[in-house]
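All residue numbers for the sequence shown refer to the numbering used here, where the first residue is 2 and numbers rise by one.
Quick caveat, the hints were computed from the structure, so don't treat them as lab data.
Any given hint might turn out to be false.
[As the list claims (entries may be wrong)] BS3-like, lysine-lysine: derived pairs with alpha carbons at most 27 angstroms apart:
| id | residue 1 | residue 2 |
| --- | --- | --- |
| 1 | Lys60 | Lys28 |
| 2 | Lys148 | Lys28 |
| 3 | Lys235 | Lys208 |
| 4 | Lys208 | Lys54 |
| 5 | Lys204 | Lys222 |
| 6 | Lys53 | Lys68 |
| 7 | Lys68 | Lys54 |
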Amino acid sequence: MKYKEINIQIKEFLEEFPLKREELKNKIMEQINETNENTNTSNSNREEERIKKLNKFIKYIESENIKFEEWNIYDFDILVYAIENNAYEELIKYIINQYDTLNYTTVITLTKKDIDNIYTTYSESKLNANISPLVEALIKNRFDIAKLLLENGADINYNKELILNDEMPINKEILQFLFEYDFDMNSERIINKLLNMKDKNKKDILKYYLEYTFKKNGEVKINNSYYEIASRNKNMNDILLLYRYDNRDDKFSIIYKIHEYIQNNNSRDYRDISPMMIFYDLLHQNIQDEKIRKMNDIFSNIDQ
């Protein structure tokens with residue numbers, strides 16, 4: 002074959018590929034949208050309709066001789082796309098069976114809104130994040146799909162960084178799932194991640210993690226950097242939780258260190274109260290609600 006003919010074939014492929022990929026994306030979305038319509042119909046009719054549409058989709062895939070893994074490049078993956086858009090289980094099962102492995106990463110684009118609602122620190126307008134099918138299922142709280150992926154060869158500890166990094170949202174249900182399926186926790190990374198969250202349920206999530214870890218291991222390794230993060234985020238509740246599970250012997254040094262972090266990160270007005278007496282009471286849990294409110298008021302009125 003001459004060089005010119007090869008060049009023409011390459012050009013034709015490059016022109017055709019994006020169109021075919023877009024057509025496949027549209028077919029998947031069509032499947033998802035159609036099967037989610039008419040939710041008022043009976044379960045048996047809805048299931049029958051889903052089977053018909055799934056068979057139609059399979060026929061299209063086979064007639065076009067589409068190999069899913071060949072059509073997944075950079076920012077688009079058929080399986081992740083289906084999970085992200087809440088495809089029904091039968092469709093996802095079919096897609097899973099077309100893959101040689103479920104342990105791989107692809108890229109999705111997160112907006113500032115996606116991240117800013119969860120974490121206290123995020124500055125970019127958008128972020129390209131690596132993701133795996135299992136992580137996408139956890140993000141969507143599709144634990145039925147997450148279990149299905151594990152049953153079909155996904156490894157919960159594959160590329161652990163995907164779960165530990167700051168872009169991955171986390172909640173109590175996700176933590177429960179990770180504990181149940183023996184995710185190899187990096188305690189320091191997880192605690193740092195939870196301390197930096199600004200989710201309204203953050204206290205419950207951190208408390209659940211600390212309680213579970215203590216019951217499982219008989220201890221939670223607490224270091225001073227956790228207190229520094231909590232004081233920087235002006236969160237008295239986190240300081241209390243951390244201290245409750247801090248089993249280091251030198252309590253006096255711990256309290257002094259916490260006092261130092263608070264002074265470094267908060268208002269100069271803090272110097273006008275009796276810090277060590279208040280902290281001694283607070284951190285031994287002999288506290289009243291008004292004391293916690295007083296401390297949180299001080300934290301919230303820091304100098305900008």
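To see whether the hints hold, each was checked on the structure:
{"no.": "1", "hint": "Lys60 to Lys28", "result": "holds, 12 angstroms"}
{"no.": "2", "hint": "Lys148 to Lys28", "result": "holds, 26 angstroms"}
{"no.": "3", "hint": "Lys235 to Lys208", "result": "holds, 17 angstroms"}
{"no.": "4", "hint": "Lys208 to Lys54", "result": "violated, 45 angstroms"}
{"no.": "5", "hint": "Lys204 to Lys222", "result": "holds, 18 angstroms"}
{"no.": "6", "hint": "Lys53 to Lys68", "result": "holds, 22 angstroms"}
{"no.": "7", "hint": "Lys68 to Lys54", "result": "holds, 19 angstroms"}
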